[in-house]
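Protein sequence lines correspond, in order, to chains F and A. Mapping of the first sequence onto UniProt numbering: position 737 corresponds to residue 737, and the numbering continues sequentially without gaps. Mapping of the second sequence onto UniProt numbering: position 281 corresponds to residue 281, and the numbering continues sequentially without gaps.
Calculated directly from the structure, the hints in this document are not laboratory data. Incorrect hints may appear among the rest.
Said to hold, decoys possible - In silico lysine-lysine, BS3-like type, Cα no more than 25 Å apart, as pairs: (1) LYS462(A) with LYS602(F); (2) LYS385(A) with LYS767(F); (3) LYS206(A) with LYS655(F); (4) LYS299(A) with LYS713(F); (5) LYS93(A) with LYS157(F); (6) LYS417(A) with LYS655(F); (7) LYS206(A) with LYS490(F).
Residue-level listing of the chains:
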Amino acid sequence: MAPSNPLANWEKVGDSFYRKITVYDAVFDDEVELENYIVAGAPYGGTIALYRDETKPVRLRDSQSRSNIDIYSYSGKLINRIHWEQATIRGLGWSDKEELLVVAEDGTVRRYFGLDGEFTSFSLGNGAEEYGVRACQFWASGLVALLSNNQLIAVSKYDEPRPKLLAPCPEGEVSSWALISPTHTLSRSVEVLLAVDKTVFLIDSTDAEDKILQDGPFKHVGVSPTGRFIALYTSEGKLWVVSNDFQNKLCEYDSKARVPPSSVNWCGDEAVVLAWEDEIHLVGPSGAASKYYYDGRVHVIPEFDGVHLLTNDSCEFLHKVDGTTEEIFRLGASSPSSVLLDSVEQMEKKSPKADENIQRIRSSLPAAVDTCIKAAGHEFDSYWQKRLLKAASFGKSVLELYNSDEFVEMTEKLRVISAVRDYKIGIPISYAQYLRLTPEGLVERLTNRHEYLLAIRVSEYLQIPADKIYVHWASQKVRVSTVDDEAVCKLIVQRLEGKPGISFEMIAQTAYDEGRSHLATRLLNHEPRAGKQVPLLLNMEEDELALDKAIESGDDDLVNFVLLHLKSKIPLASFFRMINTRPMASALVEATARDEDMELLKDLYYQDDRPLDGSNALLVEALAADQVQQKIEKLQLASRLLSDSKDPTVVLQQKLISEASHLLKAQEALDKDLADRTEFLGLSLNETIYRLIRAGYGKRAQKMQGEFRMPEKTYWWLRLRALVAKRDWGELEELNKNKKSPIGWEPFYNEVLGAGNTKLASLFVPKCTNLSVAERIEMWVKCGMIVKAGEEAHKAKDLNTLELLRNKASGPAATEIERMINQLRPRK
Amino acid sequence: MAPVGDADHCRDKARRELLALLEGTRGKKNLVLSQELAGPVGLFVKFSVLQEYGVDRVFLLENANIDSSQRNVVFLVRGEKARQVRTVAEQIKRLQNNGNVEHEFSIIFAPRRTLVSNTVLEEAGIIGDVNIFEFPLLFLPLEQDILSLELDDAFEDLYLHKDPGCIFHAAKALMGIQQRHGYFPRIVGKGDHARRLADLLLRMRKELDAEESSGLADPSTRGLLPSADIENLIIIDREVDFGTPLLTQLTYEGLIDEYVGIKNNQADVDTSVVGQAPMPHAQESSKSPQQAKPGMKRKIQLDASDQLFNQLRDANFAIVGDILNKVARRLENEYETRHSAKTTNELRDFVNKLPSYQLEHQSLRVHTNLAEEIMRLTRSETFRKILEVQQSNAAGADTTYQHETIEELIARDVPIKSVLRLLCLESCMAGGLRPRDLENFKRQVVQAYGHQHLLTFWALEKMELLQPRSSATTMLLPTSGTQAGTKTNYGYLRKNLRLVIEEVSEKDPNDISYVYSGFAPLSVRLVQCVIQKPYILSLIKGNSPTATSNNASAASPGWLGFEDVVKSARGSTFNIVQKGDDKAVRARQTLSGNAGTKTVYVFFLGGITFTEIAALRFIAAQEAPRRKLIICTTGIISGDRMMNAALAHGSFASPE
């Protein structure tokens with residue numbers, strides 16, 4: 001095949017070249033009259049959706065096709081036909097992931113994913129129903145709808161759509177509008193340019209800013225792919241390009257046309273394409289333009305690096321010639337890279353010029369090789385791709401050191417790109433688009449087109465995960481196969497055996513959705529991730545199985561979720577029965593019920609015959625109750641629950657619970673008698689007695705001690721502490737007269753001393769007969785009674801201690817100690 | 001070896017992710033944190049940084065005081081806590097109904113968005129009005145060698161409510177480590193919950209393998225391999241050793257935790273003890289009056305950034321005074337060098353060092369005050385008595401003699417937690433209390449502290465912390481160790497693992513038992529059984545313990561050699577080897593060679609005390625060149641926190 005001239009279809013627009021490449025020809029049947037259709041294309045050479053333009057007259061025999069949205073590949077292959085019976089379509093667009101979005105006049109939005117006609121839908125709300133949607137614009141992951149009352153509604157993600165009203169915009173006739181995608185705005189959310197009357201408003205979520213222009217109404221507004229420039233088409237038939245802040249007018253072009261173009265699109269970031277029925281103007285930066293004419297209606301489908309031009313018999317890609325390509329092929333080019341390309345030719349002719357050439361460009365050879373590799377990427381014709389790569393290969397073979405990674409990667413990429421550009425597949429993706437789409441994205445697109453073999457080949461070739469392809473294949477199998485469940489299951493399992501990452505859960509979900517629940521169960525058994533099975537099992541009403549699988553996964557959230565679901569679904573008794581044998585489940589039920597649903601908890605304990613737990617639940621309620629009376633009632637209920645048991649712990653528990661209610665009653669009485677407010681109610685027994693003593697109600701304290709059979713020791717401790725706190729030294733001295741104390745006398749000494757009454761403290765020292773002499777001496781000293789300490793030591797005939805004491809003593813005490821020392825000292 | 005430590009990795013990751021999420025909400029915003037996340041967030045990002053990312057004010061969820069001062073409101077809560085999510089829903093609805101500002105709400109769920117929280121938001125009817133994000137906050141670095149999940153409720157959930165949520169959480173976090181370094185070649189563990197954690201790890205690995213989807217590529221590049229620089233993971237279930245944390249911790253950090261409480265590396269100390277914070281700008285926003293009011297708290301940062309504290313933290317409290325004195329003297333000397341500085345260069349050196357002197361000086365003042373305060377408390381009579389009871393329990397003496405002391409403590413109204421800790425300690429160490437004693441104590445505690453504590457006892461019993469001695473457990477004799485236990489047989493283990501070492505030196509410790517002045521934490525002894533076998537063997541044989549006498553014990557991995565001893569601790573014992581594809585492993589070994597330092601991860605499920613950390617660090621120092629220890633846990637625990645889990649809230653007093 002004769003090589004096409006690489007310069008064919010180059011067109012100089014201002015300083016740069018643009019070229020138009022015919023990617024496919026004979027795209028559509030003559031049946032499809034493109035001029036009667038609205039066309040929307042998915043980004044990166046994806047599918048295109050055609051919908052009959054309702055404003056155009058319809059031939060009678062076509063009338064039934066009126067209600068279809070047809071999805072084609074760029075090469076004209078019909079991929080799917082979606083039946084549309086809803087309200088009039090006001091917006092047709094694609095997301096980055098090749099999901100088709102259809103917006104109806106009444107505000108319903110359908111998102112078709114996977115090209116198979118499956119969809120989810122949501123409503124725009126916010127008055128869309130009332131006023132009606134007028135038009136829609138889309139960006140990679142969202143859309144903005146314009147209502148007929150000039151209100152704008154934005155949806156920024158589709159998996160959890162949250163339609164939001166943008167700032168209210170001024171009254172007036174909207175002549176055209178465009179959105180700036182969130183990636184290019186300062187606010188990081190979508191903004192809209194709305195041409196109203198003579199000016200343009202910039203509208204974001206809070207503000208509508210008037211850009212104050214006078215030359216409106218603008219028939220078209222377009223934002224460049226990087227968001228830096230804005231194209232405006234004035235009513236006088238002029239095209240303006242302004243900077244995105246509307247401060248500078250960068251260029252103006254007079255189209256000299258009387259009718260405004262049917263569309264204004266950016267071609268890359270530097271040129272604008274104006275399209276009329278059968279005429280295209282390509283306007284470059286300086287206002288220079290180039291014109292193309294067609295036989296029939298031409299549709300312009302914008303990409304970020306060019307535009308696709310679609311007519312009935314061809315599909316073309318118009319884009320700026322890349323710098324590298326220009327460097328090599330431009331007429332009269334003498335750049336090192338073009339010399340390199342030339343030397344390959346010379347070499348094939350076995351001409352010595354090949355070597356001469358190389359020597360000439362020796363110094364810039366690495367750069368030349370790089371350029372050739374890059375240029376190969378931008379080339380559409382495989383002949384030139386090969387030539388360029390060959391040149392690069394030749395060049396690098398001369399170089400001693402060259403990193404060939406890029407070369408290798410480029411060959412890989414080109415191989416993949418060429419494969420999908422084939423008309424049988426029909427994805428006319430450019431090199432730059434492929435980089436943006438990513439290999440994974442491309443594989444997904446192939447999968448959605450059911451091109452499984454190619455998808456798998458590509459993922460093998462590029463070493464990227466293939467599991468999704470298999471799952472998609474299997475789901476499709478489930479959908480279309482008519483053989484019995486066993487056979488399908490066997491076929492799928494056989495094919496997917498040993499392949500990692502296969503989500504059987506997703507295949508099972510498909511089976512379930514298709515109404516083949518038996519098959520779904522069978523498939524689920526092959527899912528290794530227990531957690532994944534749960535939601536589907538719940539849908540399938542396999543409740544117990546779902547609960548078991550959730551427990552197996554160890555994920556408490558999943559278990560809770562299943563429990564929540566079951567609790568609201570099945571009768572309480574069977575619910576309890578179900579969790580009864582599963583400790584983790586019942587523990588979780590108890591834990592949640594304690595926070596939220598005491599009644600459920602009590603029911604559970606009753607059902608399970610756990611009176612102690614049940615009584616404790618009542619105890620908790622008693623604590624939470626506001627009124628004493630309620631508290632006492634609850635306590636009595638709690639105690640009654642336990643009354644049948646013979647178990648000693650339960651008996652004790654029951655006793656203590658009734659003690660609690662007695663105590664409350666006694667305290668109530670105390671409050672009534674002794675204080676006007678609640679002073680004692682709710683205190684512990686010890687605290688009650690302590691306070692009684694401190695307040696001087698010794699008698700009542702004693703009575704309570706008896707009533708509640710408080711141990712003597714405890715009572716004495718309370719008495720001691722309370723009296724010390726009250727500084728009731730008299731009463732303490734009184735106690736000192738007792739012969740015996742159940743807690744000994746040391747605590748008395750310590751507490752009184754701690755309160756600072758050394759004199760009283762000292763009274764207790766002699767009573768501490770169980771302590772050693774040394775300890776008692778220490779006690780005396782702490783009271784500041786050196787003499788007493790001395791006496792103690794004297795009694796014990798401890799000379800050393802006495803001498804130590806002498807150092808501490810002063811005044812008369814010192815002489816006293818001295819005297820004792822002398823007494824003890826052996827007389828000479 | 002990994003270029004970045006796990007601690008730094010976790011910190012950076014958490015910070016990056018949170019800030020990215022905050023950035024997702026444009027403009028100024030108010031941040032609402034749940035109480036239990038406020039501290040942890042402080043561990044990896046400062047308030048000033050949050051401000052740079054547009055956070056105007058921070059509110060606590062529990063205070064319910066979020067206002068409409070900003071249009072954007074961001075909530076950060078735990079997605080696993082249905083109650084928190086419900087509170088969030090209420091507050092959002094309140095703000096929505098307030099009306100005058102149209103709010104933009106975001107909820108960030110840490111560590112994950114749950115199905116239950118979805119349901120809650122759905123029921124509240126606001127799921128469509130909020131932006132929902134996930135913030136996978138798992139391990140938080142407390143120190144370079146400590147990774148904590150900082151789950152305050154983990155202990156309560158696990159042992160009281162039997163809610164295994166935190167095990168799942170822990171497994172997720174450990175998976176994170178495995179994904180970073182490769183699989184733990186070996187998982188060794190003790191305890192039923194530990195077993196469950198290990199099982200979950202195995203299951204998650206399987207699921208991860210299933211999720212791995214490298215198409216048909218070369219199988220050797222697929223999936224993770226056993227790590228080359230990790231030796232093993234040791235999981236210790238808190239349940240195995242309830243006894244240790246019930247003892248009063250006797251290291252400096254431990255005592256601070258006992259008396260002041262350390263939360264997320266911070267302690268709120270009364271200003272009457274440590275004085276006012278030196279830098280007023282730290283609390284600009286609160287604009288509080290500057291005079292030291294009694295009862296005002298000052299936040300003291302306790303981590304390795306404070307060099308002095310780093311020196312003190314793991315020392316037994318008995319020698320803290322000495323160290324402080326020494327440091328004080330050194331500082332003074334260094335400060336005096338300014339007089340001897342002759343040349344301008346020397347002078348400049350001195351001036352350059354000045355800020356660090358001042359910093360050290362400040363820290364010295366804080367720690368001296370703090371140590372003195374603790375000293376005061378440890379000198380008190382009740383402390384002495386409590387310690388006495390504990391020591392005799394730890395030593396395995398007949399503890400019925402101590403009952404009188406406990407009764408006295410009750411009558412003297414010491415904090416109920418101290419009393420309960422003593423009772424639980426006895427129950428744990430001796431396999432339960434005699435039913436009569438237990439009844440008696442129950443009655444006294446209830447009378448002294450209120451009848452609501454019937455619930456406390458019930459909870460303690462459910463947690464198996466305080467039980468009557470049943471016929472099955474009566475015979476926890478030191479001799480019969482072989483019955484696979486539903487209870488830890490301290491009697492047997494005390495003898496066979498030498499838990500009690502009386503002659504341990506606090507100043508120059510030669511055994512981990514220094515942390516409790518003579519009692520070695522069982523939990524850490526178990527760890528030693530795995531990585532310091534020769535040392536333990538020499539201990540048992542009664543040779544003088546020489547810490548350095550162990551040659552590489554890699555020959556006998558897992559519990560090997562101690563199976564019988566370990567059996568008498570509670571719960572299942574396991575030793576799992578995670579194998580990878582042999583060829584790939586060998587290939588990698590030849591590639592990387594045998595790395596010098598191997599890391600041992602020790603995971604304490606249900607919490608770890610500071611004393612145990614100190615003990616583990618002591619081991620780590622001994623193993624230093626060959627092994628690195630990284631301590632992971634669900635959170636820091638202490639005896640008081642264990643009691644808190646059981647303690648009944650509220651009393652019978654009517655609400656005001």
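| message | Hint check: LYS385(A) vs LYS767(F), CA-CA at most 25 Å. Holds or violated? | response | 22 Å, holds
| query | Is LYS462(A) close enough to LYS602(F), meaning Cα to Cα at most 25 Å? | reply | 18 Å, holds
| LYS417(A) and LYS655(F): Cα distance at most 25 Å? | 24 Å, holds
| Does the structure keep LYS206(A) and LYS490(F) at a Cα separation of 25 Å or less? | 23 Å, holds
| Quick one, are LYS93(A) and LYS157(F) close enough, alpha carbons at most 25 Å? | 24 Å, holds
| message | With the threshold set at 25 Å, check whether the alpha-carbon distance from LYS206(A) to LYS655(F) stays at or below it. | response | 54 Å, violated
| query | Is LYS299(A) close enough to LYS713(F), meaning Cα to Cα at most 25 Å? | reply | Between LYS299(A) and LYS713(F) the Cα gap is close to 42 Å, so the pair fails against 25 Å, i.e. violated.
In the structure shown, a violation is registered for the earlier hints numbered 3, 4, in ascending order.
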